[in-house]
Structure formats: structure tokens, C-alpha cells
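Residue numbers (our numbering), protein chains in the order written: chain A, 66 to 372; chain B, 279 to 661; chain C, 7 to 298.
What the hints contain is simulated information worked out from the structure, not anything from laboratory work. Any given hint could turn out to be false.
To be verified - Here are the simulated DSBU-like cross-link-like pairs (lysine-lysine), alpha carbons at most 35 Å apart as the crow flies:
1) LYS312/B with LYS589/B
2) LYS356/B with LYS102/A
3) LYS534/B with LYS99/A
4) LYS391/B with LYS18/C
5) LYS491/B with LYS534/B
6) LYS269/A with LYS18/C
7) LYS101/A with LYS491/B
8) LYS99/A with LYS359/A
9) LYS534/B with LYS622/B
10) LYS592/B with LYS563/B
11) LYS359/A with LYS156/A
12) LYS199/A with LYS19/C
13) LYS293/C with LYS436/B
14) LYS43/C with LYS199/A
As the list claims (entries may be wrong) - Beyond 10 Å from chain C on every Cβ pair, some chain A residues (computed):
15) ILE104
16) PRO134
17) HIS149
18) GLU153
19) LEU159
20) VAL162
21) ASN223
22) PRO261
23) CYS273
24) ILE362
Even glycine gets a Cβ: it sits at the ideal position worked out from N, Cα and C.
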Amino acid sequence: MSDMVAENIQGMRRRAMTREEMESLQREMNLRAKRKKKIRTVSLLGANVVTAFIILLPLLYAVSIAFMPSGELFVMDLNIVPKHPTLENFKLALQRVPLVRFVFNSFLTAGAITLGQIISCSLSAFALSFLDFKGRNVVFMIIMATMMLPGEATIISNYLTISSWGWLDSYQALIVPYLTSAMGIFLFRQFYLSFPMSLYESAKIDGCGNMRFLVSILLPLTKSAIGAMAVYTFINAWNMYMWPLLVTGSNNMRTVQIGIGMLDSVDSQSITLMIAGVVMIILPSISIFIVGQKQLIRGMFSGAVKG
Amino acid sequence: MGRSMAQLELRNVTKRYENGFEAVSNFNLDIQDKEFIIFVGPSGCGKSTTLRMIAGLEEASEGEIWIDDRLVNYVEPKDRDLSMVFQNYALYPNMTVYDNIAFSLQVRRLPKKEIDNRVREVARILEIENLLDRRPKDLSGGQKQRVAIGNAIIRRPKALLMDEPLSNLDAKLRGQMRVELAKLHERLDTTFIYVTHDQTEAMTLGTRIVVMKDGRIQQADTPKMLYEHPVNRFVAGFIGSPAMNFLEGVVCCEEKKLWLRCGARMDFELTWCSVYSVLTDYIAKTVTAGIRPEDIYLEEEYRKMGQEEQKGLKAVKVTVTARELLGAENILYFQAGENDLIAKVGPECAYRSGEEITLYFDTKRMHFFDAGIGMNVERCELG
Amino acid sequence: MKIGAEKEKLGKKIEPYLFLMPSLLVFGIFLFYPFAKTIYLSLFKTNKMGQAKIFVGLGNYIELFTSKSFYNSIGVTVVFVAIVVVLSMALGLLGAVLCNRSFPGIRIFSTAYALPMAIASASAALIFKIMLHQSVGIINKLLHLEINWISDPKYALVCVAVLTAWLNSGINFLYFSAGLANIDETLYERASVDGANGIQKFFRLTLPGLGPILFYTLVVDVIQAFQSFGQVKILTQGGPGESTNLIVYSIYRDAFFNYRFGTAAAESIILFLIIMCLTLVMFKIEKKGVKY
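This is chain A alone, in the form it adopts within the complex (with noise of 0.2 Å):
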């Protein structure tokens, strides 16, 4: 039997077979068919599971050491799992660094940043997708432009601008250099332009303003493109890490990614404790990933990169 079946594969002569084999034969084949589908979807699990964990690992590890006492921590042995998990590490977190104070300052600045951005952005790619002025296309062409201007080349002299003003150690100073973004702007105008004119135009007649119709019509319009650019802004925002070092120095204005810092001292008693804090401050931005992904995805990849 199992002859006939290899010499299947390249096809069977006719009349060389009778009904019950043909029967035989085709039950075979199609357990085979099924035994060989699922391999291929168990061997594609079993790639992702691998994957997947050599992706995670850091964050597992995190996870792990953070509920480990730190007297755990110092063994020789592969220790990945907590024995004794704990939650003292947290309590003690919090206790050494004003942590909530951070969190509080990072979630003020992320989401007036997040806020900011939304409103001018949709603002600029308004104008510069249904309004028609002089300059349009230059404005937008220098727009796209500073999307090549690496931070860097800016940050020295912003620095002293903010110093300057007497701004350093303050929420402003952490905020107002945000308060735009050229891909927000490309981003919103790409979704705008997907719209006709004649929804623009009809507006117009039915007697709507440009304010009015931006707000009531085209931001409902564009959730998603909004919710993208929330979730995509907020993360970065949450996750800045050089400008914040430089404009604040107490602990009152301290975003999370600075403070964070101040847990990583020598002192190995403290590995522990700093990987708890980490882990905390990991979990608001990991969270909003999730929630948004979706959205950020919809919005990111529908119409705004194609093949």
C-alpha cells in the first residue's frame, strides 16, 4: 500500500487500479494531506513560540527580577523564576524615588504634547489640503524638510534658548518644543487629501466655516488617523529621554525616564528594586500599545505607506 501511495505523488496510472484501492488510496492521501497541514501549523507555532520568547525575553526577565529578593537574585544557578516572589521591591521602589511624582510628570507632559500636536497638525494639514494660498506647496515642501533635521542639530541651542528664557526645570520647557510634529502634519494631510473637495466645497454652500467644518466634519472623519497619532505620540513622549535630561535637574519636574536613573546606583541591594520601578514605569506605555495598537496600525498603514 504504502508503495502505491509514494508512486502517487507523481500521479497513478489508470486501470492499474480497482475501485477499493482508489478508496484506500484516496483515504490515505487525505490523512496525509491533513497529518501534513497540521505540521506546518505546528511548526509555525512552534518558530513564533521561539520567536517570540527571545523577543520578550528582556521584558520576562524584567517581570521576573522584580518580584525576586534581591538575596535571590545573587546565586549562581539559573534562577528565572522568582522562588519566593515578593512585592516588597515596589513598596521599596516607590519609598526611595518620588515615583509618583514622575508618573504624574510624565503623564502631563506626554499628553499635552499628544494634545498639542493633534490640534496643529490637524490645523496645518488643513489649511494646506483644502485651503488654497500662496505658498502652499513651498510651506509644505519645508515642512517635509525638517522631518531631515536630526534632533541633534537643534538641541544645543534650544538648550540655551530655554535657559534663557529661564525656562530650565519647568513643565513649558518640556512641552512647548513638542507642540508640532511634521509627521503628525503629513500624516493628517495624507488622510484629508483621501476626502474629495466636494465635501469641502458642499460645506462651504450648506454655509459651514473652516473652523466649523474642520471640527464637526473632518475630525470625526478621522479617528483613526487620530487615534494613531495619539497612541504613537504618546509612547514617544512618554519615552523622551535626552531633551528632559537636559532642561530638568529637581525632582519636581523629573520625567519617568530620568528618574528612573536615580535608582541605578552601585549599591547591588538595589538591582532588584530599580527593575520594579522599570517595570512600573514600562507599564503605562505598554498598556496604551495594546489598547492602540489596532488604531495605530489602521491609521499608520491605510493609505499612508503603500507598496
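On the provided structure of chain A, position chains B and C as indicated by the hints.
Same frame as chain A, but now just chains B and C:
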């Protein structure tokens, strides 16, 4: 082009999806070498699925597919020696036309020289020699079509499968390509299996047409047979444009003659009908009569006929509801009794909506279907 | 009446600029002005407050181009960028290919592959610091090694690069997934009828089909990799020696430790020029190479 002959045989082929839906049921068909077979039917009838099972892109849940006495159910698509033209052409966007055509030979690692010769030969046949360096995005719809066909024929496959290849073209180009496909079939001498939802394409191209509905074959026959002897009401209504008119009526016997009574003003004497003898079994029963728009004549046309021709034509008083002039012919929409019917008449017709006129129905060419199951009464003869 | 109409007309003319005002204001004050100022500063020696004091012309640049340390920075940065770009694109592509065909649990895995994009460089650097720790780190434990990864000039740069690649792989995964989803499924069907096997399909359909997105990702990744800062600051502080002294880090050090704002400004301008040239070159190559 030397090549072995190709015979395809489908035995009880069934496609059942995991949710239990049967896309194709019990499909049986013998395809001879060099036939131009058309699978036609409304969307969702299973025609594409059948084609894809032949190609090996989908697995048959049951049944056997034989190519030249070789069971191919479990053979990979690439080893079936078939090629396929897809509805959207499926041209590789990153390759030139040359590479698109040559691809199937390149992956088989044929010598470069031979590939080159064959690409040029195919390009000559399809008249796309000047396009070989272009990329698909720089081609027009018709040119893409040719490239897709070029890729399909370069391997000299046992059969060429085409899945709605003309549906993405505009009407004029579609007409042109239809003629060219017919020529190509003649020239290549290969079996063509062609899927379409357009009955005009089916009628003009096919040597044999398989009409499908709900996953089942309704009728597999030559265009002429389909047109003249549709097995059931579905096939009768699907083949032909404009579609056949249907009238419900009761068969009765008066003055030793058979009549069909379809409401107040319409009685048809059935004496000259080809299926007269069968209809005697239907006395006092309801049947559906079908008459094609081209078998209804204007009074002027009737007058010009000879006596022999006039036999069996029955005058009916009707009310015109609309008329469309299509150049060489007129499509006349009218009401007869409660029925809205269509006639295809000569270009000289100038009647307007609302006029009452007399039309002549050719009872010789009427079809009769069982009012219940919709089978053509000719087919019910034995049962 | 006429004046009113005139006014209205003027209002209409100004209105578009009002819409643009917020963005242009921010761009102007925090991008264009500081960029010009950076160029200006790069021509001066400054005092500790960052005020331009002595005009030196191209002096700062000449100083840089005769300094061994700066050449080291450039070299280190180039190696770093190369590792980061190759590794992060490979990781992203691997994830995207693995998640291309639907299977149970695909949502969880695709979230996992994209997740690094939500992690801050600072947080990640702290975690890696422990993972790479000589005695308690999991890497040494898993590999049965006792390497002091971060303090060894041989490994430090690679460690920072791997960390950065990991951070960037998330967004690359999203780009590649979108790219793969854009490839027409019937192309693969045609290829199987045409006789191509899996490997041929990957190299002749999948990769070229991803071409534009691969390229776009390459450009973005290169630009981003050049700007990595947080992970260096936390993990290695440019050391050991100067083995991880990336240009950005060296700018930071010159400006905010040594208070040589002029030199730092010159370095920023050079960095800007390098990134711009690379971007332009890549677009040139793209125009020549990939046509479709």
C-alpha cells in the same frame, strides 16, 4: 509545438469547506484534447472553485481528477503541467515583461538560450515584442492580458486554464480579445478551460459550455445545443441576450388540437411545436413556456415571410412600453396580458410607448418547462 | 460697505496662515532658529553660558578633523549603525514572515513582535544592564560565560547595538507586516502554478514585493540609529575607553560636561550633513535600482 495529448476527466468532484458549505457538488466531466471548454454561471456557482481544483490551488474534498490517465488529486500544482491566467493577471510587479513570461521556465532552470528563443516566439505570436523591457505598471489592460497569456502558453501546457480573463477590460477591448483568444486556441491546438460569468463570451468562444448553478452542472453542451435545447428553465434564461421570455400557461385540448392558455388574450395553438407529442402528457397541467426575443416578429416582418414560414406564428395584441434602438436592431419592451415581455425586432420598427400593436410569436420555437421543477419537457419524456 | 468687503477679502487671505500659525511658530522657534544658531555657534568659541565669544571661522571643524577622538566617534558610529540596521531589519522581517500566514494565536505573537516599539531606550537600557551583568545577568548564566560585557571594549559596542536593534525591531515589524499584506495573494498562486518552490517564491516575489518598504525602513532606521542616545548614556557612558562614544554622545559630552558648545555645535552640523548625504545617496540608489 510538439506535445502530448491532454485528456481531462473529473469524476464526482466535490468541494466542501470546513463550515460544511458545498461549493461544488458531484462534478462529472470529460474534456477531450483541444477542446475550448467554458464554465459559465452566476457568481458563486462554483465555476472558479472547479477551475482552481483542476489547477491544484484547492484540494478536492471528494472525487478524482485525471489528466491523461494520471490521477492528479495529490499532485502539486507545479507538477500538473497546466498553466493559468488569473482574473487580475497576477503579473509580478517587480519583473519586466520578459521575466514575467520567462518565469515558469526560469524556475525550472532551463538553458538561457532556449528560454530566450521561446520568449521571443511567444512574444511574436502575441505581438508584444516591443514591450519586453517594460514593467507591468507601464502596460495597458490589454497588454497585461497578453503578457499573462504569454506566461501561460510558454510552457506548452497540457491545458490552459483561464479565470475570467477578460472581466477587467473595457467592453471594446473585451470584444477584440475574444476574437484573439479564439484565434489563439486554433493556433495553439491546446485544451482551453475558461471561466466566465458572461454568457456572450461563453457562446462565442466555447466548443463546449458547462453551465453551472449552486455548485452543480446544469448542462454541458455545445453552444448550439444550449441555445436550442436548454435542459431547464435556468439554462434557458441564462443563455441568450436579451434573456428568454417566460409565460405560465395551462395545456388543454380543444377541437382535437393542443392549446396553451396563458390568460385572457393569449392562446397558442401547439400543433407545430417540435415537442407536440410530449405535451400531450401535460394536458390540464401548468407549464412554463419560453420564447426567445428573437422569435417574436413585427407584423411587417410577418407579412414578408413565405407561407411555410408563417406556419405556427401566432398573433398577439400587445402594448408597447419602451423601445431601445441598438443600431442594427430594436429591443421592444411590451405588455401582453399580465406579462412583461421583450422582443428583438428589425431596425425599421418605430413604435412608441403606449401604442397597441400586433406581434407574432413563433410557436415552432417555443420551449416548454415543467412548472414545478423547471425541467424542459423534452427531457421528461422518459420519466 | 466697500470697506467691509475689503476687510473680508483680507481676512480670507490671512486665514490659511492663521491655521498654519501654531505649527510654524513652533517650527520657527525650536527648529529653524536653533538650527541657524547651531551653525552660527559652530563658528565660535563660547563661554560656559553658551554665548559666542571668539569667532574662529572653521576652527572648530578643523580641530575636529584633526582629532583622533572624533574619527573614533565616526568609526564607532558607522559600525554601530550598520549592526543596528541589519539586525533590527532582520528581526522585523523574521517576525513579519512568521506572522504572514494566519494561525491560532497570531494576534498575541504580532503584539509581541511589535512591543519593543513601546519601550523607552532608558528603561530598556536598565534591563539590559542587569541581563548583561557579569555575575547575576541571565546572559552569562544561560551561556555559561563570565564575560563583563559592558566593561569590555570588545563587546560594549555590540551590546549597545543589539539593544538598539531590539528597540527598533518593533516598528520594523509593523512596516514589514503591512508590506507583506500588500503583496497580492494571487501572485503566489500563479507562482505555484508556474512551478516555483518556497525559496524561489521568497526571493523572487516576497523580497522584491517588499522592496519599497524595505527601502523606506532602511532610510528611517539609518536616521534613527544615528540618533541613539539614552541607551549609551545609561549603559556605557561612551566607554570603556571611547569604544561606544557615538557622535551624539560625544556632542552631549562636549556641550554639557566640557562646556565646549562651539565644538559640539560643529559636531551636530557634521552629523546633520552625514545623515543628509546618506539619505540623498540612498534615494539616488533607489531611483536607479528599484523601478516599479
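How the hints compare with the structure:
no.: 1; hint: LYS312/B with LYS589/B; result: 42 Å, violated
no.: 2; hint: LYS356/B with LYS102/A; result: 19 Å, holds
no.: 3; hint: LYS534/B with LYS99/A; result: 66 Å, violated
no.: 4; hint: LYS391/B with LYS18/C; result: 68 Å, violated
no.: 5; hint: LYS491/B with LYS534/B; result: 40 Å, violated
no.: 6; hint: LYS269/A with LYS18/C; result: 13 Å, holds
no.: 7; hint: LYS101/A with LYS491/B; result: 33 Å, holds
no.: 8; hint: LYS99/A with LYS359/A; result: 33 Å, holds
no.: 9; hint: LYS534/B with LYS622/B; result: 33 Å, holds
no.: 10; hint: LYS592/B with LYS563/B; result: 21 Å, holds
no.: 11; hint: LYS359/A with LYS156/A; result: 34 Å, holds
no.: 12; hint: LYS199/A with LYS19/C; result: 9 Å, holds
no.: 13; hint: LYS293/C with LYS436/B; result: 42 Å, violated
no.: 14; hint: LYS43/C with LYS199/A; result: 28 Å, holds
no.: 15; hint: ILE104; result: 12 Å, holds
no.: 16; hint: PRO134; result: 13 Å, holds
no.: 17; hint: HIS149; result: 17 Å, holds
no.: 18; hint: GLU153; result: 17 Å, holds
no.: 19; hint: LEU159; result: 16 Å, holds
no.: 20; hint: VAL162; result: 13 Å, holds
no.: 21; hint: ASN223; result: 5 Å, violated
no.: 22; hint: PRO261; result: 20 Å, holds
no.: 23; hint: CYS273; result: 14 Å, holds
no.: 24; hint: ILE362; result: 6 Å, violated
Of the numbered hints stated above, those contradicted by the structure are hints 1, 3, 4, 5, 13, 21, 24, listed in ascending order.
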